[in-house]
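Required output: the full structure, derived from the provided sequences and hints.
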Amino acid sequence: AQSVTQPDIHITVSEGASLELRCNYSYGATPYLFWYVQSPGQGLQLLLKYFSGDTLVQGIKGFEAEFKRSQSSFNLRKPSVHWSDAAEYFCAVGARRRKNDMRFGAGTRLTVKP
Amino acid sequence: KAGVTQTPRYLIKTRGQQVTLSCSPISGHRSVSWYQQTPGQGLQFLFEYFSETQRNKGNFPGRFSGRQFSNSRSEMNVSTLELGDSALYLCASSYDRVAGETQYFGPGTRLLVL
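Chains as they are written, first to last, in the numbering used here: chain A, 1 to 114; chain B, 1 to 114.
If you're looking for bench data, these hints aren't it; they were derived computationally from the structure. Just so you know, even glycine gets a beta-carbon here, dropped at the ideal spot from N, CA and C. Don't take each hint at face value.
[Claimed, not checked] Here are some chain A residues the structure puts well away from chain B; computed CB gaps all over 10 angstroms:
1. 42
2. 61
3. 63
4. 80
[As the list claims (entries may be wrong)] Have a look at the derived ranges for each label pair, beta carbon to beta carbon:
5. A:79 <-> B:16: 49 to 55 angstroms
6. B:83 <-> A:82: 36 to 42 angstroms
7. A:3 <-> B:10: 29 to 35 angstroms
8. A:26 <-> B:86: 28 to 34 angstroms
9. A:18 <-> B:30: 38 to 44 angstroms
10. B:17 <-> A:83: 38 to 44 angstroms
[Claimed, not checked] Short derived list, chain A residues pointing at chain B, Cβ under 7 angstroms:
11. 32
12. 43
13. 46
14. 48
15. 51
16. 94
17. 101
18. 104
19. 106
This is the structure we're talking about:
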């Protein structure tokens, strides 16, 4: 089965600084990849997803992610962080052969310093 | 279009009791998945229902069960509650036209077992 690793449990960045959240996946074929964000007390909101094609994916709220097959990675980036970006971020991998069979990483909590 | 709704939002039960959680998917969505979220284990896939049938199942004991109705609404039941069942239970829905489709999450039901 597919699996996801998010190496960073907690990251702190200053407002206006750039951000990169790491995600590594394990899957025998090309996976579907997702980044979700969860604000306190809320459900998950999709930021972006990769299915195929262009390996640089643009999402909502100014986020982007790059799929690198050679590194089994799908890192999330944002050039300038806003205080409202403070939340927990989850990377997820879906199996192409099994609908709606998604596996999530442990999450990375983002703190934004003023 | 209304989002995924979950009821109740908060629940307190005692060990040994059973509980039923409800999820109403986005109109037109036919697939409903359930996830358990805890600080220690993160987001774990419980099961997925499509057309009133359980199609995918995670690695949870038989105390966790679910069902889906003809209108795609889904319920999740946990029998003989244990302290470790305290968690945020998230429901997600999708159209289920193709594998890897975006899942839309509800706000969750927070269950506390005393």
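Hint-by-hint comparison with the structure:
{"no.": "1", "hint": "42", "verdict": "6 angstroms, violated"}
{"no.": "2", "hint": "61", "verdict": "16 angstroms, holds"}
{"no.": "3", "hint": "63", "verdict": "15 angstroms, holds"}
{"no.": "4", "hint": "80", "verdict": "26 angstroms, holds"}
{"no.": "5", "hint": "A:79 <-> B:16: 49 to 55 angstroms", "verdict": "52 angstroms, holds"}
{"no.": "6", "hint": "B:83 <-> A:82: 36 to 42 angstroms", "verdict": "39 angstroms, holds"}
{"no.": "7", "hint": "A:3 <-> B:10: 29 to 35 angstroms", "verdict": "31 angstroms, holds"}
{"no.": "8", "hint": "A:26 <-> B:86: 28 to 34 angstroms", "verdict": "29 angstroms, holds"}
{"no.": "9", "hint": "A:18 <-> B:30: 38 to 44 angstroms", "verdict": "40 angstroms, holds"}
{"no.": "10", "hint": "B:17 <-> A:83: 38 to 44 angstroms", "verdict": "41 angstroms, holds"}
{"no.": "11", "hint": "32", "verdict": "3 angstroms, holds"}
{"no.": "12", "hint": "43", "verdict": "4 angstroms, holds"}
{"no.": "13", "hint": "46", "verdict": "6 angstroms, holds"}
{"no.": "14", "hint": "48", "verdict": "10 angstroms, violated"}
{"no.": "15", "hint": "51", "verdict": "6 angstroms, holds"}
{"no.": "16", "hint": "94", "verdict": "4 angstroms, holds"}
{"no.": "17", "hint": "101", "verdict": "5 angstroms, holds"}
{"no.": "18", "hint": "104", "verdict": "4 angstroms, holds"}
{"no.": "19", "hint": "106", "verdict": "4 angstroms, holds"}
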